[in-house]
Every structure is written in structure tokens, then in C-alpha cells.
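Visitor: Each chain, written out:
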Amino acid sequence: GAGVSQSPSNKVTEKGKDVELRCDPISGHTALYWYRQSLGQGLEFLIYFQGNSAPDKSGLPSDRFSAERTGGSVSTLTIQRTQQEDSAVYLCASSRPLLPNYGYTFGSGTRLTVV
Amino acid sequence: EDQVTQSPEALRLQEGESSSLNCSYTVSGLRGLFWYRQDPGKGPEFLFTLYSAGEEKEKERLKATLTKKESFLHITAPKPEDSATYLCAVQAGSGNTGKLIFGQGTTLQVKP
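Chains A and B are the protein sequences, given in the same order.
Just so you know, the first sequence maps onto residues 1 to 115 in my numbering.
Just so you know, the second sequence maps onto residues 1 to 112 in my numbering.
Simulated from the structure, these hints should not be mistaken for laboratory data.
Yeah, the Cβ is synthetic: ideal placement off N, Cα and C, and Gly gets one too.
Check each hint, because a few of them may be wrong.
Claimed, not checked - To be clear about the criterion: a stretch of chain A counts as covered by chain B if any three or more of its residues have a C-beta under 8 angstroms from a C-beta of chain B, and this derived list gives those stretches:
1) 28-41
2) 46-57
3) 75-88
Let the sequences and hints guide you as you build the complete structure.
Guide: Here's what the structure looks like:
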């Protein structure tokens with residue numbers, strides 16, 4: 001597609017449930033990133049995938065968070081046993097390798113609300 | 001610890017009233033500084049990348065500049081459609097990572 005696609009756009013879940021968030025990057029973009037944006041906060045890095053290299057998971061806040069990228073394209077961010085503090089907008093971005101001059105292209109995000 | 005601080009948090013301007021947004025950074029080895037625009041309910045949209053002190057880039061009414069400690073986003077004669085949150089981010093350190101560290105943003109409102 002022409003842009004980064006994220007689904008669902010909104011998700012309301014009960015505390016303790018697991019959720020999966022999906023990201024379809026721009027075709028040909030080998031780098032994929034997940035960020036989290038909480039109300040009134042800046043974007044917080046979660047995880048970075050680049051081609052077949054081991055992902056940089058240094059931003060994942062706890063072991064309840066995991067992500068995978070299948071076939072070098074679609075990525076899924078999974079949050080297990082959701083907590084209220086997980087409520088945020090989860091943004092996915094993609095780019096050509098090594099963060100080129102034009103930066104990332106972001107999707108519109110998934111707004112997660114844990115009740 | 002790498003850190004990015006933006007000021008002011010919020011800025012209200014009248015249409016045509018020029019101003020500047022500030023982004024101060026403390027990083028170990030700056031590899032690039034990025035400016036993004038974010039509209040409500042949307043993901044950030046890329047504006048500029050700056051790599052070295054003294055560099056400047058322009059796009060329509062926006063001009064970004066970089067020094068060794070900070071970057072400015074100058075808005076000349078703004079229009080209401082320039083209203084948005086402006087985000088600054090840095091790529092720092094060594095290694096093969098595209099990770100960016102973002103500031104908390106400046107929310108700009110331009111009134112007609």
C-alpha cells in the first residue's frame with residue numbers, strides 16, 4: 001500500500017486480557033518500529049526490526065510485551081495480561097534501512113484503552 | 001542519559017505572527033535530528049532531518065536550524081493550517097539502530 005497501515009484503529013479491552021496489534025509497513029521498507037504515545041507524553045520507543053537481524057527489544061517495558069515480524073513484512077505487537085497503564089496509542093513506522101534522510105513513515109496508530 | 005527537551009509546551013499565535021520552537025538535546029554522539037508534525041488522531045509526519053551544526057532546511061513557512069546543543073523550528077507568517085503538535089527527535093550513539101528519542105512536543109495553535 002501507499003502508507004503504513006495499522007489495525008485495529010481502536011481497541012477497548014478488559015484488564016487481564018491479551019491483545020494483538022497489527023502493522024503493515026510500506027512495501028520495500030525493511031526497517032519497522034513500534035512506539036507508544038501516552039497522553040501528554042512523548043513517543044516511547046518499544047522495538048525495532050531490521051531485515052533478518054535480531055530485533056532491538058530494548059524499549060519493551062515488561063515481559064508482557066512481545067512483537068514479531070513475519071516474512072520481513074507484517075508485524076504484530078502482543079500485550080499479555082493488559083493493565084490500565086498500558087492504555088496509550090501504539091504507533092508503527094517503517095523506513096528503508098538505517099533511517100534514511102527522510103526519516104520514518106508512521107501509521108495512524110492503534111488507540112488501546114484498558115478498562 | 002540521552003535526552004530531548006522541547007519548549008514551550010504550548011504556543012498560541014495570531015495568523016501572521018512569526019515565532020520559533022526550541023528543541024534542546026543532550027546525547028552521546030548525534031547522528032541526526034528530526035522534526036515531525038502531528039495532527040490530532042494521526043501519526044507524526046516527517047518534516048526535516050538535520051545532521052550537523054550550522055545546517056538549515058526550509059519547507060514553505062518552516063525553517064529548521066541546528067547548533068551543537070539545540071535546534072529551532074522557525075515559523076514565518078503562520079496560517080491556521082499550521083496548527084499541530086511539532087515533535088523533535090534525535091538519533092544518537094553508534095550501532096545499527098534506527099531508534100529515535102523524542103521530545104514531548106510543542107502544541108501550536110494559530111488563530112485567524
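Visitor: For the region 75-88 of chain A, count the residues whose Cβ lies under 8 angstroms from any Cβ of chain B; is that count three or more?
Guide: With 0 residues close enough to chain B, the hint is violated.
Visitor: Are there three or more residues in the region 46-57 of chain A whose C-beta lies closer than 8 angstroms to some C-beta of chain B?
Guide: holds (count 4)
Visitor: Check, residue by residue, whether the region 28-41 of chain A contains three or more positions whose beta-carbon lies closer than 8 angstroms to a beta-carbon of chain B, and give the verdict.
Guide: holds (count 5)
When each numbered hint is compared with the structure, a violation occurs for hint 3 only.
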